[in-house]
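Participant: This is what each chain is made of:
Number of protein chains: 4
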Amino acid sequence: MAIRVGIIGATGYTALETLLLLLRHPEAEVTVATSRGEAGQPIAAVHPILAGRMSLTVDEYDPAKVAAACDVVMCCLPHGASAETVRQLIEAGVRVIDFSADFRLSSVAEYSRHYGIDHPWPERVGKTVYGLPEWYADQIAAADLVANPGCYPTSAILPLGPLLADGLIRPDDIIIDAKSGVSGAGRTPKLNTLYCEAAESIAAYAVGNHRHQPEIVDLLRRFSGATTDVVFTPHLVPMDRGILSTIYVKPTDPARIDELESVFHVWQQHYGNGHFVRAVQHLPATKHVAHTNHVQMTVRRSGDRWVLIVAIDNLIKGASGAAVQNMNVMFGRDPRLGLS
Amino acid sequence: MAIRVGIIGATGYTALETLLLLLRHPEAEVTVATSRGEAGQPIAAVHPILAGRMSLTVDEYDPAKVAAACDVVMCCLPHGASAETVRQLIEAGVRVIDFSADFRLSSVAEYSRHYGIDHPWPERVGKTVYGLPEWYADQIAAADLVANPGCYPTSAILPLGPLLADGLIRPDDIIIDAKSGVSGAGRTPKLNTLYCEAAESIAAYAVGNHRHQPEIVDLLRRFSGATTDVVFTPHLVPMDRGILSTIYVKPTDPARIDELESVFHVWQQHYGNGHFVRAVQHLPATKHVAHTNHVQMTVRRSGDRWVLIVAIDNLIKGASGAAVQNMNVMFGRDPRLGLS
Amino acid sequence: MAIRVGIIGATGYTALETLLLLLRHPEAEVTVATSRGEAGQPIAAVHPILAGRMSLTVDEYDPAKVAAACDVVMCCLPHGASAETVRQLIEAGVRVIDFSADFRLSSVAEYSRHYGIDHPWPERVGKTVYGLPEWYADQIAAADLVANPGCYPTSAILPLGPLLADGLIRPDDIIIDAKSGVSGAGRTPKLNTLYCEAAESIAAYAVGNHRHQPEIVDLLRRFSGATTDVVFTPHLVPMDRGILSTIYVKPTDPARIDELESVFHVWQQHYGNGHFVRAVQHLPATKHVAHTNHVQMTVRRSGDRWVLIVAIDNLIKGASGAAVQNMNVMFGRDPRLGLS
Amino acid sequence: MAIRVGIIGATGYTALETLLLLLRHPEAEVTVATSRGEAGQPIAAVHPILAGRMSLTVDEYDPAKVAAACDVVMCCLPHGASAETVRQLIEAGVRVIDFSADFRLSSVAEYSRHYGIDHPWPERVGKTVYGLPEWYADQIAAADLVANPGCYPTSAILPLGPLLADGLIRPDDIIIDAKSGVSGAGRTPKLNTLYCEAAESIAAYAVGNHRHQPEIVDLLRRFSGATTDVVFTPHLVPMDRGILSTIYVKPTDPARIDELESVFHVWQQHYGNGHFVRAVQHLPATKHVAHTNHVQMTVRRSGDRWVLIVAIDNLIKGASGAAVQNMNVMFGRDPRLGLS
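Protein sequence lines, in the order shown, are assigned to chains A, B, C and D. If you use this note's numbering, the first sequence corresponds to residues 1 to 340, in order. If you use this note's numbering, the second sequence corresponds to residues 1 to 340, in order. If you use this note's numbering, the third sequence corresponds to residues 1 to 340, in order. If you use this note's numbering, the fourth sequence corresponds to residues 1 to 340, in order.
Only chain A is shown next, with the shape it has when bound in the complex (with noise of 0.2 Å):
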């Protein structure tokens, strides 16, 4: 039987982008899609590219009524909203996997900290597993909640997780270089989305303090179990969609500078049975992964540095298929289904 699928919060991309999805999935079936602006809307109205591939009409939120719909619900709602609409959720019996930050970090000091608000449901904070099934797919199996992760922090944590945990390159000089399209930014309109802003542009923002940042430390440290920090550097790139991350680090020991085989190898020894995160040659370009939930990474050295490369789709293992990835494990499906 299909899973019936939950979206909260379907106007933006992130949804869109999940929708697009599940169209594809053969075990899979959106039943509901709420959005507080479009109520009463056919999804279709919202999203052109839909027209006539989904007849799904825009709902008001209920969590009573989703909960009865859905086995699994997507929500695709901001930080700080989004906890408040989980608890519900979930305590309406409905298993959630939150786009939102709102569960990823281990403390709730820091995400008051670096959200700048109360945590709304400060008791699942530190007790929900962080979605990346890679590393964590047993208690994702097992999970009512699954807090999905950021779209930066995907594309730091699988290179240098695995690197971290085996003390190969050092926890203490990371510096994370990272380019994203536009559709980060989200689908509200402002300024510096504007075509005439964004084309034929780049700019770093947020230096020093993304949120990200944090997402990214609490990780690491998870795989090094050390005192870990990043410099971590975002910029605003004129394309749709793919994040590249070029990150520098350094071998613990530095006379392995040149081992550059010993990055494939730990690489290898963790995702090698995997499905979709892949060590390659050559240098990756984000159109190398653009509309899919690939993962390409390689190494090379530069001076007394690796200089890991990284390409993801941020809208797919950043966000929306890194969810199917979840929900499939959930559900005890092949991780694979709906994601090609």
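Every clue listed holds true.
You can't tell identical chains apart in this list, so a pair holds if it fits in one copy or across any two.
Computed list of lysine to aspartate or glutamate pairs in EDC-like fashion (alpha-carbon distance at most 20 Å, straight line): (1) Lys250 - Asp173; (2) Lys250 - Asp304; (3) Lys127 - Glu84; (4) Lys127 - Asp218; (5) Lys250 - Asp172; (6) Lys250 - Asp229; (7) Lys127 - Glu91; (8) Lys65 - Glu91.
These are computed hints drawn from the structure, not numbers from a lab.
Following the hints, complete the assembly by docking chains B, C and D onto the known chain A.
Facilitator: The following block gives chains B, C and D in isolation, referenced to the frame of chain A:
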């Protein structure tokens, strides 16, 4: 009297940009443009944007004729080919601004190592002024030959130079993550610069072995007086023009990590009376300098690093604008002429 | 059992798109991919997006070996070259879907006139089904050879065909102003498809003499049964994929100019039960059909004209998706398999 | 003495483009820039590209103060709002170039019908010169108020005007298929001009009811002296700037369909001594006129039609460049000043 300018290798993007700048220059006139492949054609057949605006016919290259018709020649040939042509022109008695890398490095050995060829005119290597008027205006004014700087080096040397000269940052831990528009790769058709390959994608290239890395190191050593190394990673960004360099440095005195104003102070001291280099408070985007000869740069703190962020137009301040600025200096004009 | 598919000419964009579609197809398997220039390489070396997803090695073309390994061959060669290869494959006993224009026209004379060469296999011209399953499904199902439609013709014939067949519009005053993404120009490096030439620019090309014009006319005559002519102007638009055709027609009965519902009615009659062609009320953008096999079309009145506006993805419904749809029909599968 | 220029509504794209052009103008100086929302800020805070290049502070609008500080005012407000402001400025004794549509049409009734409001200053409608210096230079030179032309109308009137005036083409069968960059839609954040909506997509909009249609018709009637109608379809193209209009016309005498030189001849007669309008043999791309005040246009035959193809930069010749050109004419300067 107008400065009579010749353009050698008139078909590429930097040649075109130079022609466009000179069209607006009130005291310069293009008298000759040569190109092997296009000789005999009107310049507007090569560059349709010049239709009705410039009536020049493209010529075969003949050093004597060029020298007779010009006060200065912009040589827009690739490295190797350029040095030999430059020698002929200098020997024919005309001043030259060389767009290639042939006379930028201090050492013939370094040149051969990185460019893989014997230098055609080794006598002038190390004895040619590096065309950065913000630092070497006096030598440029007197020069018969100016080595026009590379685009990436310009974006790195301008912010780093004074900080190294004043000892504010460490010379041994500099990471330059640079992002360039596609025009930097030239106008010769190649797979990776096709629209369908470059658009909607970002990738690193030449990681650890780009030829601008030794050029940057060579120049930075002149400022620091110390053994300096840099990690340099160039990226191809889906935009026509622009370079954004994100540069990770460490203050010499870690206790000063929060004194960002010391960086601004040094920049102000060195560039305060200049024409094109600006320290700004906002995070510069390449769009903020596109189609201009201006440089915008700023600094932020992230962890134990200062992050310098610098934007230039690779075709203008990174090539043709710098050449026109050099020409103005060589001929005693206001450096801003023709450059808005 | 899976349909075994071969790809001849595997390096181009339509070949890649076909490979990507077949990766998702539940009942097809790519068994052979050939390319003269790339034989011996893994397919992922030619198309890095396939890294870890397809393990095929590119082969030299050998008709007997291809025929033995395949149930159907997608021939992605240019016109002229294709016809000869198609003949060999058909004679070797395998069914073929030809992406070139070689078997699309009704007349050898027309072919020679527009393509400037003698047809390599004239016997099959006029005797090969035009691969538009919306109209010719029965013939396609039985065919050994299918002429896969051109991208521009698809965007013109689908909306115009039924209106001409029903006599709703005049066949003698049709203007097609078509706009295509750059991928339509292929993957061979050329000046005009470089990023820096194509980006941030739009231009018309081949005005009055594009080879798709006779193809459109040929097909429209089959629908109208009358002498039909069209004015056809293709444009190159700075986007990877997509065609938008804006088509200016006149109602046969000028008094019906405001009866736009009659157009929708005819479309509904012909495509109402189909899978991919949709009349929509909104103004379709190419983004609304990008990465899908769908067609969106609508009509507006302007002055004494009906303006038909049609959007397709040139690489999918305009090429590879149509081919997969044809394959599904040829092998008795649901036409939607592998096409979301 | 420099012309003192004021800019009303300084935050939009046409205002910025005007500021950039005036920066290069040797005989003009911006003395005032006003904006309701941004008063008190340095102009570079609104437009970071002006950092270090223009030290103006944005003011509140005060007609008396503006009039005292300026010889001419560029009014960059939206229609409706503009007319009232223009009236105040004219009454305060300063000359005005109005970027809005408020004074372009000949008739108040037409204005009300298309703009849906009562005209705030009906006395000047039909009595204000249309700011096309190629045709109305004498009136512009003497005018206190100039109605700066719309961008689409400029691209249509310049090629069509002389052909209609000379009776070479029929006035009753003109189809204008126009394609514009996104900057034409302004700088106010809206969903359809977000990067992720506009990039990699093309769509028609306002089919059959765009407000530039009556403006085009109004002007063309002045040239043809006959009842003229046009079918006009604007499209949004994924580029920052540029308009390409593809115009389908019929020769008055069908027998002359192959006499393309007659079109060139008429254009040459009317524009031959002009500064910015060029008939060219190549197919113009918007890139060929981007960042310039130039117009490139050509003609081809297709079937029984002449296809006119015209490229302008919508922000320059379609707005700010035309305004500067008008200003030059109003103040007796060379029309080319500041416009390369």
